[in-house]
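Using the hints provided, position chain B relative to the given structure of chain A.
Here is how the chains run, residue by residue.
There are 2 protein chains.
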Amino acid sequence: MPELRKDPIIGRWVIISTERGKRPSDFEKTPKKKESKLCPFCPGNESMTPPEIKALRPDGSKPDTPGWTLRIISNKYPALKIEGDLNREGHGMFDKMNGVGAHEVIIETSDHNRDLVNLSEAEIVGVIEAYRFRYKDLKKDPRFHYIMIFKNKGEAAGASLEHAHSQLIATPIVPKRVSEELEGAKRYYDYKERCVFCDIIRQELSDKERVVVENEAFIALEPFAPRFPFETWILPKKHYASFEKTPEEDDLKLASLLKETLMRLSRSLNEPPYNYIIHVSPVDSEYDKEYHWHFEIIPKLTKVAGFEWGTGFYINPTSPEEATRYLREVDVKNTAPEQQAELVH
Amino acid sequence: MPELRKDPIIGRWVIISTERGKRPSDFEKTPKKKESKLCPFCPGNESMTPPEIKALRPDGSKPDTPGWTLRIISNKYPALKIEGDLNREGHGMFDKMNGVGAHEVIIETSDHNRDLVNLSEAEIVGVIEAYRFRYKDLKKDPRFHYIMIFKNKGEAAGASLEHAHSQLIATPIVPKRVSEELEGAKRYYDYKERCVFCDIIRQELSDKERVVVENEAFIALEPFAPRFPFETWILPKKHYASFEKTPEEDDLKLASLLKETLMRLSRSLNEPPYNYIIHVSPVDSEYDKEYHWHFEIIPKLTKVAGFEWGTGFYINPTSPEEATRYLREVDVKNTAPEQQAELVH
Numbered sequence: 055m056p057e058l059r060k061d062p063i064i065g066r067w068v069i070i071s072t073e074r075g076k077r078p079s080d081f082e083k084t085p086k087k088k089e090s091k092l093c094p095f096c097p098g099n100e101s102m103t104p105p106e107i108k109a110l111r112p113d114g115s116k117p118d119t120p121g122w123t124l125r126i127i128s129n130k131y132p133a134l135k136i137e138g139d140l141n142r143e144g145h146g147m148f149d150k151m152n153g154v155g156a157h158e159v160i161i162e163t164s165d166h167n168r169d170l171v172n173l174s175e176a177e178i179v180g181v182i183e184a185y186r187f188r189y190k191d192l193k194k195d196p197r198f199h200y201i202m203i204f205k206n207k208g209e210a211a212g213a214s215l216e217h218a219h220s221q222l223i224a225t226p227i228v229p230k231r232v233s234e235e236l237e238g239a240k241r242y243y244d245y246k247e248r249c250v251f252c253d254i255i256r257q258e259l260s261d262k263e264r265v266v267v268e269n270e271a272f273i274a275l276e277p278f279a280p281r282f283p284f285e286t287w288i289l290p291k292k293h294y295a296s297f298e299k300t301p302e303e304d305d306l307k308l309a310s311l312l313k314e315t316l317m318r319l320s321r322s323l324n325e326p327p328y329n330y331i332i333h334v335s336p337v338d339s340e341y342d343k344e345y346h347w348h349f350e351i352i353p354k355l356t357k358v359a360g361f362e363w364g365t366g367f368y369i370n371p372t373s374p375e376e377a378t379r380y381l382r383e384v385d386v387k388n389t390a391p392e393q394q395a396e397l398v399h
Numbered sequence: 055m056p057e058l059r060k061d062p063i064i065g066r067w068v069i070i071s072t073e074r075g076k077r078p079s080d081f082e083k084t085p086k087k088k089e090s091k092l093c094p095f096c097p098g099n100e101s102m103t104p105p106e107i108k109a110l111r112p113d114g115s116k117p118d119t120p121g122w123t124l125r126i127i128s129n130k131y132p133a134l135k136i137e138g139d140l141n142r143e144g145h146g147m148f149d150k151m152n153g154v155g156a157h158e159v160i161i162e163t164s165d166h167n168r169d170l171v172n173l174s175e176a177e178i179v180g181v182i183e184a185y186r187f188r189y190k191d192l193k194k195d196p197r198f199h200y201i202m203i204f205k206n207k208g209e210a211a212g213a214s215l216e217h218a219h220s221q222l223i224a225t226p227i228v229p230k231r232v233s234e235e236l237e238g239a240k241r242y243y244d245y246k247e248r249c250v251f252c253d254i255i256r257q258e259l260s261d262k263e264r265v266v267v268e269n270e271a272f273i274a275l276e277p278f279a280p281r282f283p284f285e286t287w288i289l290p291k292k293h294y295a296s297f298e299k300t301p302e303e304d305d306l307k308l309a310s311l312l313k314e315t316l317m318r319l320s321r322s323l324n325e326p327p328y329n330y331i332i333h334v335s336p337v338d339s340e341y342d343k344e345y346h347w348h349f350e351i352i353p354k355l356t357k358v359a360g361f362e363w364g365t366g367f368y369i370n371p372t373s374p375e376e377a378t379r380y381l382r383e384v385d386v387k388n389t390a391p392e393q394q395a396e397l398v399h
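Protein chains in written order, with the numbering used here: chain A, 55 to 399; chain B, 55 to 399.
The set of hints was computed from the structure by calculation and includes no laboratory data.
Because the structure is a prediction, the values reported are computed rather than measured.
Any given hint might turn out to be false.
Unchecked claim - Okay, derived cross-link-like pairs now, DSS-like style, lysine-lysine, Cα gap no bigger than 27 Å in a straight line: (1) A:343 to B:60; (2) B:387 to A:240; (3) A:60 to B:130; (4) A:262 to A:291; (5) B:130 to B:108; (6) A:150 to B:230.
To be verified - Incomplete in silico selection of chain A near chain B, CB under 8 Å: (7) 61; (8) 81; (9) 174; (10) 202; (11) 210; (12) 279; (13) 280; (14) 370; (15) 371.
To be verified - Stretches of chain A that chain B covers, calculated by requiring three or more beta carbons in the stretch to come under 8 Å of a beta carbon on chain B: (16) 247-255; (17) 313-326.
Using N, Cα and C, we set each Cβ at its ideal position, and we do this for glycine too.
The shape of chain A in the complex, shown without the other chains:
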């Protein structure tokens, strides 16, 4: 059973996922050559994954058989386990609890050779709907306080399978950085009676220096104090604390902006590995006025990891204004090589 453990100094919870238990020899120094193994996320290999929670099956085929265009499953190697109660326990000055939670995978397309950025806007709307469905469903489980959806793209960004997918982790605790954002947003609201994210959007629209792209409902921008080069946020222009509260009629606008932002990053930076994380208000939130959901997209470009992990002190070699200029200027109108390839086959 995985364990949640609390650091006694700063109070951060970590997951010790003992069943993934890694021995020293499991940490490889140089990445293995790609083996042409069967992909468990490809149609025809449905039996290699846990049974599907839901799938988009335009052809009305049976569960766990081919025919789907998007598929939601439990993670075969979950960091947290869905069964059991939240037993809290102390040992001297140390605190821990059972690693209860949900860990799911959203397979974004049946096509092994396409990534999210290459899907049509309508297909990306399907991914957004899948996210909303999982948020709404898992919010009913009283054991979970936070639902986090994220995407690792590329081996350097932590993806262990290359077939396009997002992940979801539901936890009995609120992740540390989200707590800090909630506290910061609340402090700002208490002082100004305005949402800090709404104020950021207003100032960025007036400054015009860090806005990458926008439409009626969403904005993509480089934050004023980014930790990483080309770190990019996407926010709804209207104030919604959680992803699933944004109305469905805006889904196509989000799909369109997400696709264009990912394409601009991909073209500017030569298809970089990246992570995105959707920051939302906790389940049963008291932060409806103060918090404002958003995507944080982090291209994996630099390696100065341990130092920055260890100190929380980031040195960013590219100013957000400069990153914005590159992202704005890149040509996304002409057909991309990967799309040309698609047209061919």
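Chain B in isolation, oriented as in the chain A frame:
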């Protein structure tokens, strides 16, 4: 001029180091093949670095010429600049200040082919003395609130040169994670009237499950809630808030424990890239009773970077108890291959 910028939501300062300004094409996807370039840290190449601040020269040779065994210089590409005042400035809701600070390099040995772990205990004492000298000297500059010494070993850990070296950054702000530790330690002290780190040492010595190695003055342990596999801390057993307050007569004991800890990590994990960061109390500290300086050593073994950066939520696949067993069991008595190599040439 580099800039310090403050995130308006959570209040974290970042360095935007514009003079290192990276264009998209500067971020390489695959690391370059090692070029056999001249190493600026090797004897004979002293003119390739800024003039030395100090060096150990057992042969009494002139500054910036060969003969040294340890050399302290300013970083040629500093993240912060030593000249100038701390001008704070606002722009709408955003805050920034001049990137004033010190950025130095401690070249730990003149031998390009040895790392810290291969130095003799007496040579490591020289490195410790160099650290103390810089802490004491830079504490006199009233612009600096924090002095951070760290080491990046290996390209994957962010080292741009392979010749063994540590770095020092002095900043006008306290890094975020250190602030959190200070606050946590203060909260604990206010409640218990004891140092939380002293209590951790007491409990670990009694539990015996996570102590890697110890001597009269220092202890190396795996923390109860580690973020990373094989994360290892070294603490003085007696309570000292800052590195330079530990008495000089303990230097040899620290050198001995640091060498043995690094050797155990190196042997268990096949010479992994790693970072260490020395956590100390801020300059002009009010945390003398509450804070307890320590090394945090983080081998770079996993890649799940962006997600964990983005959330502060860590999934660790190796329990600290298991890591401790591996580190204790590994043989460090027999001569290491790299030391055999040294004996040969």
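**Message:** A closest beta-carbon separation below 8 Å is what the hint needs, so does residue 81 (chain A) meet it against chain B?
**Reply:** holds (4 Å)
**Prompt:** residue 150 (chain A) and residue 230 (chain B): Cα distance at most 27 Å?
**Reply:** holds (25 Å)
**Asked** Holds or violated: is the Cβ of residue 371 (chain A) closer than 8 Å to a Cβ in chain B?
**Response** holds (4 Å)
**Prompt:** Taken at face value, is the distance from the CA of residue 60 (chain B) to the CA of residue 343 (chain A) at most 27 Å?
**Reply:** holds (23 Å)
**Asked** Per the CB criterion, is residue 280 (chain A) less than 8 Å away from chain B?
**Response** This hint holds: residue 280 (chain A) lies near chain B, its Cβ roughly 7 Å from the closest one there, short of 8 Å.
**Item:** Satisfaction of hint between residue 240 (chain A) and residue 387 (chain B), Cα-Cα up to 27 Å
**Value:** violated (56 Å)
**Request:** Would you settle whether the hint for residue 61 (chain A) is holds or violated, based on the nearest Cβ-Cβ distance to chain B being less than 8 Å?
**Result:** It holds, given that the least Cβ distance between residue 61 (chain A) and chain B is near 4 Å, below 8 Å.
**Message:** How does the region 313-326 of chain A fare against chain B when you require at least three residues with a CB closer than 8 Å, holds or violated?
**Reply:** Per the Cβ count (4), the hint holds.
**When the least beta-carbon distance from residue 202 (chain A) to chain B is tested against 8 Å, hint result** = holds (6 Å)
**Restraint outcome when residue 279 (chain A) is required to lie within 8 Å of chain B by C-beta distance** = holds (4 Å)
**Prompt:** Going by Cβ atoms only, is residue 174 (chain A) closer than 8 Å to chain B?
**Reply:** violated (26 Å)
**Item:** Whether chain B covers the region 247-255 of chain A (at least 3 residues having a Cβ closer than 8 Å to its Cβ atoms)
**Value:** holds (count 4)
Taken one by one, the earlier hints fail for this structure at numbers 2, 3, 9, listed in ascending order.
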